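Colleague: Construct all of the structure, not just a fragment, from the sequences and the given hints.
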Amino acid sequence: APLDDKGAPAKATRLIVFALPNGNTLEQTLGCELKAPLDWHYDIQHIAAQVRMLRTLFPDERIVVVCAEAPGLSWPSFRKSVKDANAKIGELVKSWRNEFGDDATKVTLSGHSGGGSFMFGLIESANVIPAYIDRIAFLDANYSFDAAQHAKKFEDWLNADDKNRLIVICYDDREITFNGKKVVSETGGTFRATGRMHDALGKVFDLSDSEHAPFLETTGLGGRIHFFKHPNPENKILHTALVGEMNGLLQIATLGTPQEGRWGTFGGPRAYTKFVQAEPTPGEKKEKTKTSESPSTNLPSTTMAGLPKRPANAIGGAEFAKQIVKLDQKDVIKRDAAILREILSGNFPDFLRKFKKIEIRGRLTADKNDTEVTGILAVAPDYLAVGSDDDFVRIPMMPQTAQLIADKFGCSLPTRKIVDAIDSQAELKLEPHPMTEAREAVSTFVEHNQIIEGQRAGKPLGLLTIGIKKDIVLTPRIFERPQRLAIYGWRQLNGQPIQPLTIVHWNQYVDYSHGVRLIRDTIEVDGKKLKIADLLAHPDQCGLVSDEGPMKPPRYPTD
1 APLDDKGAPA KATRLIVFAL PNGNTLEQTL GCELKAPLDW HYDIQHIAAQ
51 VRMLRTLFPD ERIVVVCAEA PGLSWPSFRK SVKDANAKIG ELVKSWRNEF
101 GDDATKVTLS GHSGGGSFMF GLIESANVIP AYIDRIAFLD ANYSFDAAQH
151 AKKFEDWLNA DDKNRLIVIC YDDREITFNG KKVVSETGGT FRATGRMHDA
201 LGKVFDLSDS EHAPFLETTG LGGRIHFFKH PNPENKILHT ALVGEMNGLL
251 QIATLGTPQE GRWGTFGGPR AYTKFVQAEP TPGEKKEKTK TSESPSTNLP
301 STTMAGLPKR PANAIGGAEF AKQIVKLDQK DVIKRDAAIL REILSGNFPD
351 FLRKFKKIEI RGRLTADKND TEVTGILAVA PDYLAVGSDD DFVRIPMMPQ
401 TAQLIADKFG CSLPTRKIVD AIDSQAELKL EPHPMTEARE AVSTFVEHNQ
451 IIEGQRAGKP LGLLTIGIKK DIVLTPRIFE RPQRLAIYGW RQLNGQPIQP
501 LTIVHWNQYV DYSHGVRLIR DTIEVDGKKL KIADLLAHPD QCGLVSDEGP
551 MKPPRYPTD
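Take the numbering used here: the final residue in the sequence shown is number 559, and no numbers are missing along the way.
It is possible that some hints are incorrect.
[Unchecked claim] Quick list of the computed label-pair ranges, beta carbon to beta carbon:
no.: 1; residue 1: L3; residue 2: Q499; range: 45 to 53 angstroms
no.: 2; residue 1: K203; residue 2: D331; range: 44 to 52 angstroms
no.: 3; residue 1: P308; residue 2: D4; range: 54 to 62 angstroms
no.: 4; residue 1: Q499; residue 2: K354; range: 22 to 30 angstroms
no.: 5; residue 1: E453; residue 2: D547; range: 30 to 38 angstroms
no.: 6; residue 1: G268; residue 2: S208; range: 21 to 29 angstroms
no.: 7; residue 1: P308; residue 2: K11; range: 58 to 66 angstroms
no.: 8; residue 1: E359; residue 2: L3; range: 57 to 65 angstroms
no.: 9; residue 1: N98; residue 2: G7; range: 19 to 27 angstroms
no.: 10; residue 1: F178; residue 2: D146; range: 20 to 28 angstroms
no.: 11; residue 1: R481; residue 2: N98; range: 58 to 66 angstroms
In short, the hints are calculated from the structure, not lab data.
Just so it is clear, the structure is predicted and the values come from calculations on it, not from any experiment.
Just so it is clear, CB atoms sit at the ideal spot from N, CA and C, and this is done for glycine as well.
Modeller: And the structure:
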């Protein structure tokens, strides 16, 4: 917000509400100069810089921008999991207008990517779109447009005031691929959603199509309906480029005003470069994602012997991620080789060296009438990561790589039963945060790690933590078909795992949701130390550590 003569936030004549995309923080969305150790997210939207430029274009207006970050960094997840989410979103926008403006303040409702869910939440929160909103702009964000639910509301809102504008920016995303796979489904994406909007509104308004490179455009109501569709002839992923590189916010804010086209070119290059701040916006204390702490928050711990010390010259997690980001799915072997080198050299955080002791119960004989025994396991508090306590990235990998690390460190991978035991005694339970785009990309690994760290804010490292990854597990089922990966878990706060045990993926499939938790390969029973591998392979004694029977050999093949 600009300041008034007394140094207080000025009352807005124009309030821009910008709903954040999935996985992005306020600081990343506002943007700043990109320099180490910041990652690329700080250099893709630049909402702060674009708003600063808008203020020079409209000196007589007091423009305030509110960037809306969802708990868990996902508005779609928020709307699925929170009761009366739409009503809450409607109240939020109303409260922001009251706080930063007055009864005359007009509101631009905008958002990017998953932020479109926030926008539709407001639209669905009442029978009519609020009259104080005079500009609705989807910046590649209209995925969930539904003609039956939304078209009539847009129609009534557009007819209610001849100053109201509906703007859509999208690109042809129907055939884009990442790692050889299509990014959107046969019915998904914003290009198809814009087609649905065109068809629905075309039934009540005269729409005309034209071409103004690099965009195909659809207009109606004297330009108050305006769709911009980038044909994407090179089949690139232009999702975020439409916002930052192509000046998307400047375009939607000036369209239909005397300043339209006077600031630069929609489509690029960046027009706002001189307004980009040097450092990230200082973060404020945020509402945290749902967490749950176990009544047992002081599990005994033990320093895992035999682990290599972290080299003094080891690189941090952010730098390592940059080094492997170009190794896409076709180079997963090379990528995992780099991961293996770093972990075996000791380049992993110190907090992962202190294992937590938990209990597991089962029988050591095949006789179901025998009494169950209690075993004590030592388990890593979190999932394998590269880097230091101050700079680490939890790193997914192939099961073969995980097995090699476990072998070297005198550890085992968990079984389904062990995962259940860990989850039941966890000290910190975080709400899972599924992601849908570029699941196998290193950039998504990093993004998901940042989301987890946002959820974990205020909690110390080293707590036995669950809810953040699916576990790579040992199961006899991996031998049902060649080259199998088994994953299980990702427990929700209600106690139910998202992922049932599955071997659907082959063993070179790696995505952001996979995690490797090491288990010390000894279990203490009545003062005796037994090998997990021996128990797991034994037809009578496996019941202490497995609910699926024996596994021979009790490991992933690494040949």
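Colleague: Taking the hints in turn, state whether each one holds.
Modeller: The hints, checked one at a time:
At about 50 angstroms, the beta-carbon gap between L3 and Q499 stays in the expected band of 45 to 53 angstroms. Between K203 and D331 the beta carbons are some 49 angstroms apart, a value that agrees with the proposed interval 44 to 52 angstroms. Hint check: P308 to D4, Cβ distance near 59 angstroms, so the stated range 54 to 62 angstroms holds. Between Q499 and K354 the C-beta distance comes to about 27 angstroms, which sits within the given range of 22 to 30 angstroms.
At roughly 33 angstroms, the beta carbons of E453 and D547 sit within the given window of 30 to 38 angstroms. Hint check: G268 to S208, Cβ distance near 26 angstroms, so the stated range 21 to 29 angstroms holds. Between P308 and K11 the Cβ separation comes to about 60 angstroms, which falls inside the hinted range of 58 to 66 angstroms. About 58 angstroms separates the C-beta atoms of E359 and L3, a value consistent with the hinted range of 57 to 65 angstroms.
Checked against the given bound of 19 to 27 angstroms, the beta carbons of N98 and G7, roughly 21 angstroms apart, stay inside it. At about 27 angstroms, the CB distance of F178 to D146 agrees with the hint of 20 to 28 angstroms. Remark: the range hint 58 to 66 angstroms for R481 to N98 is upheld by a beta-carbon distance near 60 angstroms.
Violated hints: none; the structure is consistent with every hint.
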